[in-house]
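**Q** Residue-level listing of the chains:
2 protein chains.
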Amino acid sequence: MTRILGIDPGSQRTGIGVIDVDAAGRCRYVHAQALVLLAAEDFPSRLGLLCDGLEALIAQWQPQQVAIETVFMDKSAMSALKLGQARGAALATVVRHRLPVAEYEPRVVKQSLVGRGAADKAQVQHMVRLLLNLPEAKLQADAADALAIALTHAHMSATAGRTGLSTDALRRRG
Amino acid sequence: MTRILGIDPGSQRTGIGVIDVDAAGRCRYVHAQALVLLAAEDFPSRLGLLCDGLEALIAQWQPQQVAIETVFMDKSAMSALKLGQARGAALATVVRHRLPVAEYEPRVVKQSLVGRGAADKAQVQHMVRLLLNLPEAKLQADAADALAIALTHAHMSATAGRTGLSTDALRRRG
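Top to bottom, those sequences are chains A and B.
Quick note: our numbering has the first sequence finishing at residue 174, numbered continuously throughout.
Quick note: our numbering has the second sequence finishing at residue 174, numbered continuously throughout.
Possibly wrong hints are sitting among the right ones.
What the hints assert, rightly or not - Short, incomplete list of chain A residues facing chain B, as computed with Cβ under 10 Å:
hint	residue
1	SER45
2	LEU50
3	ALA56
4	ALA59
5	LYS82
6	LEU83
Please keep in mind that the hints were generated in silico from the structure rather than gathered at the bench.
Being a predicted model, the structure only gives us computed values, none of them experimental.
Backbone N, C-alpha and C define an ideal beta-carbon position, used for all residues, glycine too.
Start from the sequences and build out the full structure, keeping to the hints where you can.
**A** Structure (structure tokens):
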């Protein structure tokens, strides 16, 4: 059994999703939430909230692997900067715990869950609910995205196991 | 006596400058270096090197305040993202130590040291050497920029002290 923490970084809200995957590649929902960072009075404090929240979740759920989405680049430099800072803060927290991190492009997450790189968010969320057997009402959008990233990592790791490739090698190919 | 850590964040090299400032606003050079991050094999590991390096420097030099440059936005979204991640990782490390962080725009650093918001890098570095009484050969460019940021914070704090404004209030006005 491997516990995977998925992170969907954002400077206003960061999605967190935790799943367990067994040796056969079966996934089980453990936890999902959004860390809401808007209450902080300035940007450094927002990153502080993000790191503290992530620290607490790592302590509580003890993930063994982390998956994080790469950044969607169809954005302005200002959005990229803000998102980059949130992503950097999240990665810094994870790396400090010496947890292995895999990165997936949004199109890879969509391809992995829906079978189409251009799938829309609603389809991805539908598949997350289906794969983890979750009721309709339960999921906040950022939390669902984080679960999607964790599920993608579970699928990639299972594929890597079958083909004898390391996840890292697969990721470099992707 | 207040010890200030200046950070010039970058995803390839992050400049670090440490100065002491006394009650009269006199500044003294303590330490400066560049954390070179290019040796890391992937981007998360690079942020890991940045955080570990910064952690070690905070432990060694025990700064009481931190000053960091805001990001120069005349860049592509991809540069902004990379820079943002380095800045986010640096801020996360600093915030974890509960150190107060002040942010200064590049033009404020230039204005504060050279008296002109449009001053070039060579002028800024010249003034850093002059103000801290450093020999010509000593300074690496990123380290000099980090010292410039620390000096700006020392000047702003001294101004804040004389006018009865908090540095934070001054910063918000800037």
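**Q** Do the numbers back the hint for A/LEU83, that is, is its least Cβ distance to chain B under 10 Å?
**A** holds (7 Å)
**Q** The hint names A/LYS82 as touching chain B; please verify it with the least Cβ-Cβ distance against 10 Å.
**A** Holds, about 7 Å.
**Q** Does the CB of A/SER45 sit less than 10 Å away from some CB of chain B?
**A** holds (7 Å)
**Q** Can the hint on A/LEU50 be confirmed by a CB-to-CB distance to chain B that is less than 10 Å?
**A** holds (8 Å)
**Q** For the hint on A/ALA56, does the least C-beta distance to chain B fall short of 10 Å?
**A** Nearest chain B Cβ about 13 Å off; hint violated.
**Q** Is the interface hint for A/ALA59 satisfied, with its Cβ closer than 10 Å to some Cβ of chain B?
**A** Constraint on A/ALA59 not satisfied, violated at 14 Å.
In summary, the numbered hints that this structure violates are 3, 4.
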